[in-house]
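Residue strings, one per chain:
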Amino acid sequence: MLIDFFFTLRKYELKVSIRELLDLISALERQVVFADIDKFYLLSRLIMVKDETQFDKFDRAFADYFKGVSSIDLFNKDIPDDWLRKELEKILSDEEKEQLKALGSLDELLDTLQQRLKEQEKRHQGGNKWVGTGGTSPFGAFGFNPQGVRIGQPNSRHKRAAKVWDKREFANLSDQQLLGARNVQVALRKLRKFARTGAEDILDLDHTIKATANNAGYLDIKMVRERHNAIKVLMFFDVGGSMDPYIEQVEQLFSAARGEFKHLEYFYFHNCVYESVWQDNNRRHQDRKDVWEIIRTYGKDYKVIFIGDASMGPYEISYPGGSVEHMNEESGQVWLERIVSHFDNVIWLNPIELQHWRYTMSIDYIKQLFNQQMFEMTVAGLDKAIKALK
Amino acid sequence: MSSHQSNTFNSSDSYVVSEELKLAVEAAITLERPLLIKGEPGTGKTMLAEELAAALGAPLIQWHVKSTTKAQQGLYEYDAVSRLRDSQLGDSKVKDIGNYIVKGKMWQAFTSDVRPILLIDEIDKADIEFPNDLLLELDKMEFYVYETQETIKAVQRPIVIITSNNEKELPDAFLRRCFFHYIKFPDAQEMKKIVDVHFPNIKPKLLEQALVRFFELRNVAGLKKKPSTSELLDWLKLLVAEDIDPQVLRDADSSKAVMPLYGALLKNEQDLHLFEKLAFIARR
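Chains D and C are the protein sequences, given in the same order. With the first letter of the first sequence counted as 1, position 234 gets the number 234 in the numbering used here; the numbers rise by one all the way through. With the first letter of the second sequence counted as 1, position 13 gets the number 13 in the numbering used here; the numbers rise by one all the way through.
For the record, the hints were derived by calculation from the structure and aren't laboratory data. There's no promise every hint is true.
Quick list of in silico lysine to any residue cross-link-like pairs, SDA-like style, CA-CA up to 25 angstroms [claimed, not checked]:
(1) 232/D to 166/C
(2) 70/C to 166/C
(3) 70/C to 59/C
(4) 226/C to 337/D
(5) 125/C to 39/D
(6) 39/D to 59/C
(7) 15/D to 165/C
(8) 39/D to 279/C
(9) 125/C to 380/D
(10) 232/D to 210/D
(11) 22/C to 42/C
(12) 384/D to 40/C
(13) 39/D to 124/C
(14) 224/C to 174/C
(15) 226/C to 367/D
(16) 105/C to 136/C
(17) 190/D to 29/D
(18) 57/D to 174/C
(19) 22/C to 29/D
(20) 70/C to 20/C
(21) 39/D to 144/C
(22) 15/D to 20/C
(23) 184/C to 137/C
(24) 125/C to 41/C
(25) 57/D to 183/C
(26) 95/C to 114/C
(27) 153/C to 102/C
(28) 203/C to 222/C
(29) 225/C to 107/C
(30) 210/D to 166/C
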């Protein structure tokens, strides 16, 4: 029985090993829990999962295994949370509840749901047919139908369903989520590289002992420099236009970066980098900085991070004069290539969700210019980005 | 395992134990595995070890990890400097190297008479190699002292509690050896229990209003550091000390005034600004 369970977990991409399985079996053998599915859920999570970002996956795997329902994950992607957002609630009287007809068996319901999902493209609420919030259709959350399938509803309103694992209360700890202030800081911290710079002002005990021994027991004091975070970072931010919806996210990234790195320089650009960028958005037309100057000033050991949606007309990158703001003599591609080839580590962070990238030609274009080093601005994406920068 | 110690961990008059946590502790003790605890700052990770020690009547050995801590320091340290000094002074102690071996926290835990609780606090603060260096010691509960050529073996396996704030990823090999419990942020009901434990005489009206305001504040979008349990407890302490009328808290609700003493909840200058601005807008 547990072998199947084990492989279900692996199917959901949880990194469980034999060791954990054996642990779980021996915990059961010693009767830490006995014949109690809720406790078994807690125990198996305790032993099998080692990271809270994986809890959500575990909850889905658990539900899958113990329900025999191949979950609501029909097309290999979740139903967007947005869809099910609670905005509208219908309060039904008891008579109305009576009137609602039950729609047959569970399998039938799921088949119908699948059908509806295929037909339906947009967010929907109210009504009695489509998947959405607050209606009387058998599908969706916050509504009422005695035979309903509940999707993404935070608590069981009519007390009809839902085990703990169904609540998926760890969904927002999952590492696919967008960045929060603390997440960013923790992720950036991984980029630390300590090096000894500055004055020699710390006693190097090991070295002193060795030198003293070599010196026949007469004290020979050795000093070293203190360790500092030696990472140097350049950041380029896309501002204005299509970046406006992402301002909050970018701000968080920026403030975390500023707290974390002593050597941090940042510049702004619009859509694509051309011959100059700027550092003060209020004086963007007066105080511009030549990109050549940046390349000359900052050594190739600087880690370079571009933040932008990379969404623009392809001509803005490929043609001289393609800029929407001025007449550029050389194309954006030339300038980007110059930057990419000068610095050892250059990456692009994109706040647009990965699954939408393929709809925008310029994203693919820039990704190629950056040797595929473009990452999504989520916790998992930032982690990958930091690895690429190392 | 000594027979007079129990394995159950129940809520005490200073700490609320959830069902989940109780099971986690029981499983870790029964299977003799280290228990790794994570959770938002201020949800009582370190408190857990202290309370567990009190509940089981076991001695608590705390090892606070810093960025400079080495795994070896938990086992033992060879104090070469004092030996060098003694040798230059001609002290006879110098002949026995055992005089200069300083026992670390793990050694203390291994040789304790009663089964102790070993707390390795904030393991993520240390170097990335730190957890890996402890693998064998945590598994076998023994280590070898090169200087004196003896093997130190645990008399009884200590209960090991490890806390982490998620600042570094821990290596897989290390994680596989631990059980993992995530302390999730308490909901309003659990929070009420926790507060009851800390302030048994608080007026129900005041508590109710305060909790409503507290969870509202946690839901304000864009806060850099959301207030946690320990901040709530501090704030309540102030409210009680100042003898604030629950009515004032309710007034704040109807947007006439700013929440009293909110400095105890928000620790960040930007958060304070944001909050003041929001309160200002609400008042108009």
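How the hints compare with the structure:
| no. | hint | verdict |
| --- | --- | --- |
| 1 | 232/D to 166/C | holds (24 angstroms) |
| 2 | 70/C to 166/C | holds (19 angstroms) |
| 3 | 70/C to 59/C | holds (24 angstroms) |
| 4 | 226/C to 337/D | violated (42 angstroms) |
| 5 | 125/C to 39/D | violated (32 angstroms) |
| 6 | 39/D to 59/C | violated (29 angstroms) |
| 7 | 15/D to 165/C | holds (21 angstroms) |
| 8 | 39/D to 279/C | violated (44 angstroms) |
| 9 | 125/C to 380/D | holds (21 angstroms) |
| 10 | 232/D to 210/D | violated (34 angstroms) |
| 11 | 22/C to 42/C | holds (19 angstroms) |
| 12 | 384/D to 40/C | holds (23 angstroms) |
| 13 | 39/D to 124/C | violated (29 angstroms) |
| 14 | 224/C to 174/C | violated (31 angstroms) |
| 15 | 226/C to 367/D | violated (36 angstroms) |
| 16 | 105/C to 136/C | holds (16 angstroms) |
| 17 | 190/D to 29/D | violated (40 angstroms) |
| 18 | 57/D to 174/C | holds (21 angstroms) |
| 19 | 22/C to 29/D | holds (19 angstroms) |
| 20 | 70/C to 20/C | violated (32 angstroms) |
| 21 | 39/D to 144/C | violated (40 angstroms) |
| 22 | 15/D to 20/C | holds (22 angstroms) |
| 23 | 184/C to 137/C | violated (30 angstroms) |
| 24 | 125/C to 41/C | holds (14 angstroms) |
| 25 | 57/D to 183/C | holds (18 angstroms) |
| 26 | 95/C to 114/C | violated (33 angstroms) |
| 27 | 153/C to 102/C | holds (16 angstroms) |
| 28 | 203/C to 222/C | violated (32 angstroms) |
| 29 | 225/C to 107/C | violated (38 angstroms) |
| 30 | 210/D to 166/C | violated (37 angstroms) |
In terms of the numbered hints stated before, the structure departs from hints 4, 5, 6, 8, 10, 13, 14, 15, 17, 20, 21, 23, 26, 28, 29 and 30, listed from lowest to highest.
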